[in-house]
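Asks: Given two chains presented individually in distinct reference frames, assemble the corresponding complex, making use of the accompanying hints.
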Amino acid sequence: MSQDVQKLQELLTRVQRNAALPRTLVSPSLLQAAPVQAAPVQAAPVQAAPVQAAPTPPRAAFEAPPAVAYSAPAYTAPISEIREEQVFFDSAPPAPYVQKFPSEPVVQVSAPLDASVDDLLLEDPFPSVPPAPSYNDVLEEEPIPLVSVASPRPIDHDDDVSGVVAISFGEDQPEELLEDDIVEMTSAEAELPAPHHALDELNFGDEPMDDKPADSIDEEPPASSSRSRIAGTMDEALARAAEQIEMEEGREVPLKTPPPESGPQAATGLPEGIHAPLPPDIEELLEADIMPSGGVHAAVPTPGQLGQTIDLEEARGPSLELDQPPVFKPEPLQDDLPSEELEVTLPGREFIGGYQDGLMPPPEARQELDAHRQRVGDDSLLPPESGSEYPSQQPHAPTSGFAPVMPSSVTTDSHSERVSMVTVDAPSNVEFAPELLARPDINPSPVAKFIRIEVPRPKTFMELLDSSLALGSD
Amino acid sequence: MSLNFDPSYALEFDFGRGQIRMANAGERVVVPCDALLALCQGASEDAVRDFGRRLGTEAGRVMNDRLGEAWQASLETVLEHLGGELALMGLGSLGLERWGQALVLSFSHSPLGWAGDLLLGSVLEGAMQRSFGRDTVAIKLMRDDQKVRFLMAGRSGADKAGGWLSQGVPWGDVLSRLATRGAS
Chain A
1 MSQDVQKLQE
11 LLTRVQRNAA
21 LPRTLVSPSL
31 LQAAPVQAAP
41 VQAAPVQAAP
51 VQAAPTPPRA
61 AFEAPPAVAY
71 SAPAYTAPIS
81 EIREEQVFFD
91 SAPPAPYVQK
101 FPSEPVVQVS
111 APLDASVDDL
121 LLEDPFPSVP
131 PAPSYNDVLE
141 EEPIPLVSVA
151 SPRPIDHDDD
161 VSGVVAISFG
171 EDQPEELLED
181 DIVEMTSAEA
191 ELPAPHHALD
201 ELNFGDEPMD
211 DKPADSIDEE
221 PPASSSRSRI
231 AGTMDEALAR
241 AAEQIEMEEG
251 REVPLKTPPP
261 ESGPQAATGL
271 PEGIHAPLPP
281 DIEELLEADI
291 MPSGGVHAAV
301 PTPGQLGQTI
311 DLEEARGPSL
321 ELDQPPVFKP
331 EPLQDDLPSE
341 ELEVTLPGRE
351 FIGGYQDGLM
361 PPPEARQELD
371 AHRQRVGDDS
381 LLPPESGSEY
391 PSQQPHAPTS
401 GFAPVMPSSV
411 TTDSHSERVS
421 MVTVDAPSNV
431 EFAPELLARP
441 DINPSPVAKF
451 IRIEVPRPKT
461 FMELLDSSLA
471 LGSD
Chain B
1001 MSLNFDPSYA
1011 LEFDFGRGQI
1021 RMANAGERVV
1031 VPCDALLALC
1041 QGASEDAVRD
1051 FGRRLGTEAG
1061 RVMNDRLGEA
1071 WQASLETVLE
1081 HLGGELALMG
1091 LGSLGLERWG
1101 QALVLSFSHS
1111 PLGWAGDLLL
1121 GSVLEGAMQR
1131 SFGRDTVAIK
1141 LMRDDQKVRF
1151 LMAGRSGADK
1161 AGGWLSQGVP
1171 WGDVLSRLAT
1181 RGAS
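Here the protein sequences come in this chain order: A and B.
Heads up: the first sequence is residues 1 to 474, going by the working numbering.
Heads up: the second sequence is residues 1001 to 1184, going by the working numbering.
Careful, some of the hints might be misleading.
Stated by the list, open to error - Derived coverage of chain B by chain A (criterion: at least 3 residues anywhere in the stretch with Cβ under 8 Å from a Cβ of chain A; other residues may be distant):
| # | stretch |
| --- | --- |
| 1 | 1071 to 1079 |
| 2 | 1091 to 1104 |
| 3 | 1129 to 1138 |
| 4 | 1147 to 1154 |
| 5 | 1158 to 1166 |
To be verified - Here are some, though not all, of the chain A residues that point toward chain B, as calculated from beta-carbon distances under 10 Å:
| # | residue |
| --- | --- |
| 6 | GLU243 |
| 7 | ALA470 |
| 8 | GLY472 |
No wet-lab data here; the hints were simulated from the structure.
Just so it is clear, the structure is predicted and the values come from calculations on it, not from any experiment.
Every residue, glycine too, gets a C-beta built ideally from N, C-alpha and C.
So here's chain B without its partners, still in its complex pose (with noise of 0.2 Å):
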């Protein structure tokens, strides 16, 4: 298992026959960002997610294939790997924190905006489904204008923690509250 990602011959252009190739992968699209965009928009919220988790099992695919045992890979494993996958499909750099038990993932200098977070966070629930086999759900903390980030939690935390968000409580508090309400 190789720490450090290579993208050399990552993608593989075919100009006689017009197609751009994934190594290890199928056929790639080169489509313009604001398009995908509009896309997106005019999608309902379970045909978006159903489009990013698509994209995302796929990078999970592509991921387990080039570390073999995934579920034994470190933090910077995955998000070495991970992150390289997501890059070449332009999606943006893939972060990783975590506040005491919870797992928070980001992305920085994404071009899809804040219209592509609902995108975004399909395409990490694709990507943890796929390569780790685990039911999560991404929870939209904060966004700026360079960052994004989102909680891997569970659907009982997710319920919790949006609720928290919703009512107008802090990103910091709601990891709070639940790291308090996990422990006790």
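Okay, chain A solo, but in the shape it has when bound (with noise of 0.2 Å):
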């Protein structure tokens, strides 16, 4: 009994929050087709088409009720199960159309003068709340969305005789549902009483309603705004954050962006093992800025400034070890000089410009100063003095003949080589250096003489003859 006491008290609350949602516009073809009362006439806004671009309607759609812009639909008993097609063709369908032309002219059923601008402009064709569901299929016994109701068959534009755009309820155009839109609705819901207002008494237009309470009008959110009414009580605001909080755990947010007047978008969460980088700890940072470089923290560089590090892999073969080298300790050259590093002394005054006497040149060497000193003419550059086997030498005056040069022998280094190098060893007693001796210049002169006898040619063939004659003769 309780149970149904509670069940009874969630429904009626329900059904009130419904009952306060916005009603949708209904096609009057749909109106016509269904089994439903139509609603009493009101201020109809129905536009005019032209009178010859507009095709006539059929009959029925003249003797039916005029259409209408704002029409709910009426109030039902419970039935306890109202098929598809018992809601959309009890009636008889409309005749196929014919399209007749008339005689006369057509008299086009207009709006009334009275009707408002504003009353045209606030039909919204596309609204953001989609339609209220009807009483029928309210009452079904499995929750349904209030917005399931399929067309049969698709709204003819020749139908609609307003010019109102149809609202279609086909699966082309899937509505956005919003979260309080979504009712579930049980088998306990169609036992319940009818609401207390019915949708006929809602006003969307300018005109004011003064049988109505001020309180409903204020807690009625504006037809384009997607904002829940306020909770009554605290087990209804309660019952609906439980709600709202269910709702949003199942629910998928959609991936595209949103238009711009749909609200806030949530974000979408990222995979896991995948999140945003972490804001550096400032304090750390400046810690370790003013650690000394020495300390604790100067060679383990932080996660931060490691990054992506690779670890490589160590060095494949024989592990290698390396000696350490001794210590270079260099010896002091002088114990009296100050040791200094990388420099070196120079050696002592005592050693310079002298050497000592008794070394004697190679004879070798002696050779080829002296063939220098005769290819330089230089006789100021003196031998040093060697007192021991030559006597010194002295410059004299050059001789103007040939000496001779006796040496002991002759060699010849290489004999491939067009300029070969003769090494004169002088003997060892010689007395006296070798001398060089120069072959003196010859003037230019004929080596040969050539002499080409000529012998003169006749000028005439009576000269050959006479000597040719003359052959042979003594």
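Replies: What follows is the structure, given as structure tokens:
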């Protein structure tokens, strides 16, 4: 018993909440086909279509009540089960349209003149809030969405007499459902009485509603607003919050960018394992900067500094060990001089410009030196005096003649080269140094004389004949 | 004096009379070569020499008529005209060689062959006699298939050269000896 009471209370709250939702526009054609009683005709802002361009509607359209812009489905008694065929086709279907050209001018049913433009503008052909469900649908056993009523046939624009764009309930135009629009319907709801106010009592126009309480008007959210209705009681607020939490848990957030009027968009969650980089800890960084270079954290970089560090594999192969080189300790050159690094002390002053007198140049060097002295002709450059074996050479006038040189042996280094080097080994016991003599210059003179005897060519044949006759004559 | 030999209209064939005449000369008889050789071979040496000298005299005379003053003619001019006249006789192509002071005349492509060398030498002696008024002896130096060379020498020189040639001295050495002996 208590469970029934609780269900009834929940159902009551939902019915009240749904009753506060705005109702949708219903096309006249749909209303005509639906076995519902049309609402009383209100100021129908039917826009007159052009006479010539608009096709003539069928006669049934004229006999039917005039098209209304706002019409809510009338309340019907609860029916245990209502089929769609009964809902839409209880009445005879409209006669097939046959275009007829009346002889008389067609009287166009026009809207009243007092229909304001605001009424026309307020007609929202594409309401953001889906239309309210009919009560026939509400009374169904299974909980279904309120907008699941499908049109059995596509709505033809020819049937739209009023010119109001019909709202299609087909599957081609999916409706974006809001949280408040989804209501679970249970079987118990069918037993609930009708709401205390009908949909036709709602006023969507600019006309003031004098007979309605002011609080109901204030609580009505605007048609273009998605703001939900304020809960009346604490229980209702709690129930709504709990329901909202349940809906958010199973809700899939569209990934595409919503239109700007749709409000804030919930951010999609990142996949597991990926997270945004954490902000650096400023204090930690400051401490790292303040710490000295030789401190504890100097050699160990922070994880932030490492970044994507790749650990290299260790080298393969035999392990090499490097011996520590011995410490080089330069010995001091002189003890008396102060030892400084990378400084070499030059020898003392006593070694400058002197050599031993007993040193003798090698004989090869002496020969080369003499030859060089002769080529240069510089007599001033004398070899160093050596008083051991060779007498000191004094500058003397060059001899005019050739002095014989008797070298002990003459060797030639290379025979293949164009310029061979001849080395003359002087005997060691020779008192005088070998003297190299040059061949005197020879004036250019003819070496051989070739005499060309040219026999004079005879000018005439007579001369040659005479010379030839003279041959052999004594 | 024209340098080039012009053989135009040198021969005139008179078919009505059956005669062949040479320009600025008398009648000619065209005879077979082998018949002429047979005649020369059957005749004595002096007869062949005389026959040949007569042919040469005729050629010298014609050349003189062409050249005017032949004694002033150069080697080339004499060779051109004398050789032209001998070519018209069909004796071959005349050539001239100078070996020092020796004058050597040659015949090439002679149809007479080695059997007509005495005749050819005699022709040259008659031409020199008629053209230049010198008595010369043509000594045959050598002979091959195509050419025969004759040394134009005097009597003494011809005897020496003939003697060396008979001794087997090459004709080059003969010319050298004649030149050496002559120079010394």
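Asks: Run every hint past the structure and note whether it holds.
Replies: Here is what the structure says about each hint:
no. : hint         : result
1   : 1071 to 1079 : holds (count 8)
2   : 1091 to 1104 : holds (count 5)
3   : 1129 to 1138 : holds (count 3)
4   : 1147 to 1154 : holds (count 4)
5   : 1158 to 1166 : holds (count 4)
6   : GLU243       : violated, 142 Å
7   : ALA470       : holds, 6 Å
8   : GLY472       : holds, 2 Å
Checked against the numbered hints above, the structure violates only hint 6.
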